[in-house]
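**Student:** Here are the chains, one letter per residue:
Number of protein chains: 2
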Amino acid sequence: MLINLIKPLEANTLLFEILKNDLAGRIGIITTNHGKIETPAFVPVIHPVKQTIPSKKIKEIGFDLVITNAYITRNHYGDDAIKKGIHKIINFDGAIMTDSGGYQVLEYGDVDVLPPEMANFEKGILTDFAIPLDKPTGYGLARKKAEAFVNHTLKVSKTTLQDKEDNGQIWIGPIQGGEHFDLVEKSTKSLVDMGFKMLALGSPVEFMESYEFRLLAQMIISAKKQMPYSIPLHLFGAGHPLTIPFAVALGCDTFDSASYMLYAKQDRYITDDGTRYLSDISVFPCNCEICSKYTPNELRQLQGQDKINEIAIHNLHAIKLEVDKVKQAIYEGRLWEYVIKKARAHPKLFEMTEILFNNSNKLAISTPRFKERAIFLFDKNDQYRPEVMAYHEMVRRFKTKKKIVIILKEPNIKPGYLSQDYFSLKRKFKNIKSIQVCYYNPQLGLIPNEISDVFPAAHHETARVIFHPKDFSEFEKTWIKFFDINDFTEIYFDKKDDFLKRFIKILPKGIKKKSLN
Amino acid sequence: MLINLIKPLEANTLLFEILKNDLAGRIGIITTNHGKIETPAFVPVIHPVKQTIPSKKIKEIGFDLVITNAYITRNHYGDDAIKKGIHKIINFDGAIMTDSGGYQVLEYGDVDVLPPEMANFEKGILTDFAIPLDKPTGYGLARKKAEAFVNHTLKVSKTTLQDKEDNGQIWIGPIQGGEHFDLVEKSTKSLVDMGFKMLALGSPVEFMESYEFRLLAQMIISAKKQMPYSIPLHLFGAGHPLTIPFAVALGCDTFDSASYMLYAKQDRYITDDGTRYLSDISVFPCNCEICSKYTPNELRQLQGQDKINEIAIHNLHAIKLEVDKVKQAIYEGRLWEYVIKKARAHPKLFEMTEILFNNSNKLAISTPRFKERAIFLFDKNDQYRPEVMAYHEMVRRFKTKKKIVIILKEPNIKPGYLSQDYFSLKRKFKNIKSIQVCYYNPQLGLIPNEISDVFPAAHHETARVIFHPKDFSEFEKTWIKFFDINDFTEIYFDKKDDFLKRFIKILPKGIKKKSLN
Numbered sequence: 100m101l102i103n104l105i106k107p108l109e110a111n112t113l114l115f116e117i118l119k120n121d122l123a124g125r126i127g128i129i130t131t132n133h134g135k136i137e138t139p140a141f142v143p144v145i146h147p148v149k150q151t152i153p154s155k156k157i158k159e160i161g162f163d164l165v166i167t168n169a170y171i172t173r174n175h176y177g178d179d180a181i182k183k184g185i186h187k188i189i190n191f192d193g194a195i196m197t198d199s200g201g202y203q204v205l206e207y208g209d210v211d212v213l214p215p216e217m218a219n220f221e222k223g224i225l226t227d228f229a230i231p232l233d234k235p236t237g238y239g240l241a242r243k244k245a246e247a248f249v250n251h252t253l254k255v256s257k258t259t260l261q262d263k264e265d266n267g268q269i270w271i272g273p274i275q276g277g278e279h280f281d282l283v284e285k286s287t288k289s290l291v292d293m294g295f296k297m298l299a300l301g302s303p304v305e306f307m308e309s310y311e312f313r314l315l316a317q318m319i320i321s322a323k324k325q326m327p328y329s330i331p332l333h334l335f336g337a338g339h340p341l342t343i344p345f346a347v348a349l350g351c352d353t354f355d356s357a358s359y360m361l362y363a364k365q366d367r368y369i370t371d372d373g374t375r376y377l378s379d380i381s382v383f384p385c386n387c388e389i390c391s392k393y394t395p396n397e398l399r400q401l402q403g404q405d406k407i408n409e410i411a412i413h414n415l416h417a418i419k420l421e422v423d424k425v426k427q428a429i430y431e432g433r434l435w436e437y438v439i440k441k442a443r444a445h446p447k448l449f450e451m452t453e454i455l456f457n458n459s460n461k462l463a464i465s466t467p468r469f470k471e472r473a474i475f476l477f478d479k480n481d482q483y484r485p486e487v488m489a490y491h492e493m494v495r496r497f498k499t500k501k502k503i504v505i506i507l508k509e510p511n512i513k514p515g516y517l518s519q520d521y522f523s524l525k526r527k528f529k530n531i532k533s534i535q536v537c538y539y540n541p542q543l544g545l546i547p548n549e550i551s552d553v554f555p556a557a558h559h560e561t562a563r564v565i566f567h568p569k570d571f572s573e574f575e576k577t578w579i580k581f582f583d584i585n586d587f588t589e590i591y592f593d594k595k596d597d598f599l600k601r602f603i604k605i606l607p608k609g610i611k612k613k614s615l616n
Numbered sequence: 100m101l102i103n104l105i106k107p108l109e110a111n112t113l114l115f116e117i118l119k120n121d122l123a124g125r126i127g128i129i130t131t132n133h134g135k136i137e138t139p140a141f142v143p144v145i146h147p148v149k150q151t152i153p154s155k156k157i158k159e160i161g162f163d164l165v166i167t168n169a170y171i172t173r174n175h176y177g178d179d180a181i182k183k184g185i186h187k188i189i190n191f192d193g194a195i196m197t198d199s200g201g202y203q204v205l206e207y208g209d210v211d212v213l214p215p216e217m218a219n220f221e222k223g224i225l226t227d228f229a230i231p232l233d234k235p236t237g238y239g240l241a242r243k244k245a246e247a248f249v250n251h252t253l254k255v256s257k258t259t260l261q262d263k264e265d266n267g268q269i270w271i272g273p274i275q276g277g278e279h280f281d282l283v284e285k286s287t288k289s290l291v292d293m294g295f296k297m298l299a300l301g302s303p304v305e306f307m308e309s310y311e312f313r314l315l316a317q318m319i320i321s322a323k324k325q326m327p328y329s330i331p332l333h334l335f336g337a338g339h340p341l342t343i344p345f346a347v348a349l350g351c352d353t354f355d356s357a358s359y360m361l362y363a364k365q366d367r368y369i370t371d372d373g374t375r376y377l378s379d380i381s382v383f384p385c386n387c388e389i390c391s392k393y394t395p396n397e398l399r400q401l402q403g404q405d406k407i408n409e410i411a412i413h414n415l416h417a418i419k420l421e422v423d424k425v426k427q428a429i430y431e432g433r434l435w436e437y438v439i440k441k442a443r444a445h446p447k448l449f450e451m452t453e454i455l456f457n458n459s460n461k462l463a464i465s466t467p468r469f470k471e472r473a474i475f476l477f478d479k480n481d482q483y484r485p486e487v488m489a490y491h492e493m494v495r496r497f498k499t500k501k502k503i504v505i506i507l508k509e510p511n512i513k514p515g516y517l518s519q520d521y522f523s524l525k526r527k528f529k530n531i532k533s534i535q536v537c538y539y540n541p542q543l544g545l546i547p548n549e550i551s552d553v554f555p556a557a558h559h560e561t562a563r564v565i566f567h568p569k570d571f572s573e574f575e576k577t578w579i580k581f582f583d584i585n586d587f588t589e590i591y592f593d594k595k596d597d598f599l600k601r602f603i604k605i606l607p608k609g610i611k612k613k614s615l616n
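These protein sequences, in sequence, are chains A and B. Each residue of the first sequence is one higher than the last, beginning at 100 in the numbering used here. Each residue of the second sequence is one higher than the last, beginning at 100 in the numbering used here.
Bear in mind the hints are in silico, worked out from the structure with no lab data behind them.
Note that the list lumps identical chains together, so a pair holds whenever it fits in one copy or between two copies.
In the DSSO-like style, the derived pairs of lysine-lysine whose C-alpha atoms are separated by at most 30 angstroms in a straight line are:
| # | residue 1 | residue 2 |
| --- | --- | --- |
| 1 | Lys285 | Lys263 |
| 2 | Lys447 | Lys513 |
| 3 | Lys580 | Lys569 |
| 4 | Lys470 | Lys364 |
| 5 | Lys158 | Lys392 |
| 6 | Lys569 | Lys594 |
| 7 | Lys600 | Lys447 |
| 8 | Lys604 | Lys569 |
| 9 | Lys447 | Lys595 |
| 10 | Lys447 | Lys508 |
| 11 | Lys119 | Lys324 |
| 12 | Lys594 | Lys447 |
| 13 | Lys135 | Lys392 |
| 14 | Lys532 | Lys611 |
| 15 | Lys508 | Lys527 |
| 16 | Lys447 | Lys479 |
| 17 | Lys501 | Lys608 |
| 18 | Lys604 | Lys479 |
Kindly generate the complete structure, drawing on both the sequences and the hints.
**Tutor:** In structure tokens:
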């Protein structure tokens with residue numbers, strides 16, 4: 100069903116409703132003139148003229164929002180496009196986003212149309228998400244030039260937003276700046292101040308092609324820290340299963356890409372670990388309609404456009420699956436586990452994890468304080484997960500008047516006060532009520548008995564592997580703080596505990612050390 | 100097509116042909132009376148009486164070998180089974196393995212049939228893989244009792260093998276011992292000595308249920324080290340996507356399980372990260388026929404056996420996909436990357452990685468010395484991968500008469516002698532021919548210029564993250580050995596290189612330290 104006569108959205112309709120969140124990722128609903136979009140959403144690129152996979156098929160695979168190019172549409176269809184409307188032209192009855200030629204500016208230096216004309220055209224074709232004609236900075240631009248591009252884009256965006264008629268179209272503010280992160284910040288802040296209700300982060304294509312995923316992560320963080328939580332963020336040209344989980348975890352809600360088709364043209368098959376040349380595939384690591392229909396040999400033997408289309412359809416399924424896995428991880432509160440695992444797909448993806456660890460405090464804001472499921476703790480890096488850091492913060496404020504403290508390894512039964520270990524202590528120490536009992540876990544740090552039932556102290560599963568105390572700096576910080584703000588005179592601990600040894604050495608002077616055994 | 104009249108396999112037919120290997124895993128072909136089986140293969144359990152998923156469907160999903168229970172078949176069909184043959188009874192025209200009641204012994208203590216009777220029955224029903232009636236040790240048995248069970252099983256196995264007529268059936272020797280790894284070793288060795296051409300490792304069900312994956316790994320290693328490389332190994336009751344990659348990497352070729360159905364009965368849906376209750380699923384993280392046909396809500400609303408069967412079919416697809424992914428990883432020479440990534444699915448699975456690291460030397464035997472693709476190095480644990488250890492071994496034997504050594508960070512361009520860094524050295528040191536140039540990489544250790552093109556020195560991608568020198572003990576061992584067997588008097592290095600600092604301190608006395616800058 101094509102809807103060309105559109106009613107403006109009700110003024111009080113919530114543009115973006117957030118249903119669930121984890122890290123900076125969220126499940127949300129964007130309401131458009133052509134239906135509701137559930138995010139995170141991959142937005143396939145549809146070519147307005149040369150598209151070979153019918154947009155109906157794309158909808159069927161599960162994409163409710165596509166992006167097409169208004170500039171090419173204008174060049175090819177002219178005013179006819181305004182008569183027909185973009186939905187008829189690309190034959191898609193879901194929501195449509197239109198890029199305005201910015202990509203062509205980036206590729207060819209300039210385009211033969213002025214921003215107001217493009218804005219009018221985008222309005223005219225009744226696109227659902229419109230983007231002002233920006234001037235992308237791309238990558239490798241000298242700072243001065245990049246700044247000029249950013250300023251130009253901001254000026255155009257401001258005019259476009261002011262001139263717009265509110266017919267329910269969502270205007271997206273294009274953030275530029277590339278690897279100049281201060282420009283990304285400035286750009287974002289200005290667009291938010293102008294009143295854009297959705298933003299898009301520009302042109303990481305070069306980051307993607309050179310696998311500079313770390314820069315991509317830094318760029319996203321630069322933008323996000325200037326944005327109110329309620330504004331959705333689109334990421335241009337970043338629709339690969341490798342980066343989708345990170346982009347979502349860092350707060351991107353939609354991301355477009357033509358990769359499904361571009362790769363297909365080169366015989367490249369998308370997997371959740373990266374792309375493979377079809378010639379390198381012995382067994383399809385996929386269950387989709389294409390991979391169930393053909394053996395790798397059969398698919399290789401197809402010819403021309405047929406082959407390209409079949410690979411492209413597989414690629415779309417592979418991307419869709421990745422988005423669905425990320426969504427399910429958000430629902431389960433295991434997005435951290437998911438991205439850290441995904442990072443093992445490629446060493447340069449792994450580099451993104453350092454950005455996560457260093458920005459844990461920013462991710463904490465939107466990570467639920469309590470979760471229904473246990474969190475998984477594997478190695479030292481998990482000391483930086485937001486839920487763990489939040490627990491450390493709590494213990495760093497934990498005050499007691501007790502003078503004696505007992506420190507012991509966290510028992511298997513949690514919370515600690517229900518464990519056999521605690522019952523043994525009660526039998527051993529008649530004055531247990533005047534003793535501060537603390538369990539410990541390498542990642543979580545000290546776990547005072549009184550708050551050993553607070554999430555995630557009793558809601559985690561930790562690998563039983565060898566942990567080196569020197570790797571646990573958050574443990575050390577909490578330890579120092581705990582003994583600083585309290586006034587213990589005696590500590591009981593297991594003198595054979597190798598993990599504790601390092602920390603016992605840095606106890607304040609004057610605390611009597613006693614053996615627990 | 101049912102084949103009941105069988106021709107014995109040609110005497111010189113290779114029972115197990117290995118096509119490709121990585122770590123201790125391999126892609127192989129087992130030739131049976133009912134066709135060839137490609138391994139690694141998951142072997143679904145078919146109930147001889149109560150099966151609700153037609154075996155035709157199971158074949159269609161892609162399983163060429165199934166396992167069924169000869170003991171239940173005998174009790175239910177009696178001599179009729181011998182007239183019909185097992186292939187007709189379960190209506191499966193591929194290869195069939197029959198368990199002989201050992202599982203029932205484990206569950207109920209004993210069965211009312213003697214081993215020779217069961218062996219005759221298995222021959223009579225023309226099964227393709229027969230198992231003597233063993234006495235499984237399970238888990239938690241005192242050593243003495245476990246030993247008695249092992250001895251009983253060995254005795255039965257010996258008689259069974261001696262009495263067998265060679266009609267092309269493959270008799271599988273059942274390894275017992277449970278967590279008593281010395282018994283596992285003894286059991287394996289004895290079965291090999293008896294002449295079994297295939298073995299099966301018994302009863303890790305208890306390990307699996309309690310998630311004691313580390314014990315499972317240790318048990319597999321105990322068995323494998325007593326087995327010739329050419330003998331295929333079956334693993335009983337271990338068909339979960341979580342453990343399949345590890346089981347394969349440690350050298351298991353086939354593994355059976357009824358989990359697809361048992362889980363389905365509890366509304367549990369298999370994912371590559373573990374099982375989920377259907378009620379906890381918001382988005383299907385799967386592309387299979389079931390997950391494409393229903394939304395989670397629609398599947399939840401099915402009733403009774405319909406629902407169970409649909410979940411079970413999804414579960415079979417999920418398991419098949421995991422096996423296919425593992426196969427593709429073996430073809431690509433990236434099984435290490437695959438299992439290390441998989442380990443992040445659960446902290447107790449992660450514990451298995453320590454077993455891998457500690458048994459790197461055993462895995463090295465069957466890991467190709469040269470691979471077509473670059474290997475990925477993420478963190479300190481990758482110093483233990485077999486290809487990396489092999490390179491260390493080579494460098495630990497590297498001798499030169501040169502007296503001066505230059506050590507520098509591995510350049511981006513590899514091999515090092517083609518890098519800008521090396522050209523700069525050549526300009527700087529006129530006597531470069533009499534100087535030993537070495538690059539270094541934290542995982543790979545020292546890389547002498549002359550062998551900087553040997554795999555994997557020029558064929559790896561290493562994450563650019565912060566590495567702590569104290570974590571790299573293999574580097575240290577190689578460093579010590581390198582300076583021990585050579586006779587350097589001068590070393591040039593970058594004095595600002597934080598990674599090298601630690602190792603410079605442990606140089607033999609008398610080596611002059613000079614700055615490279």
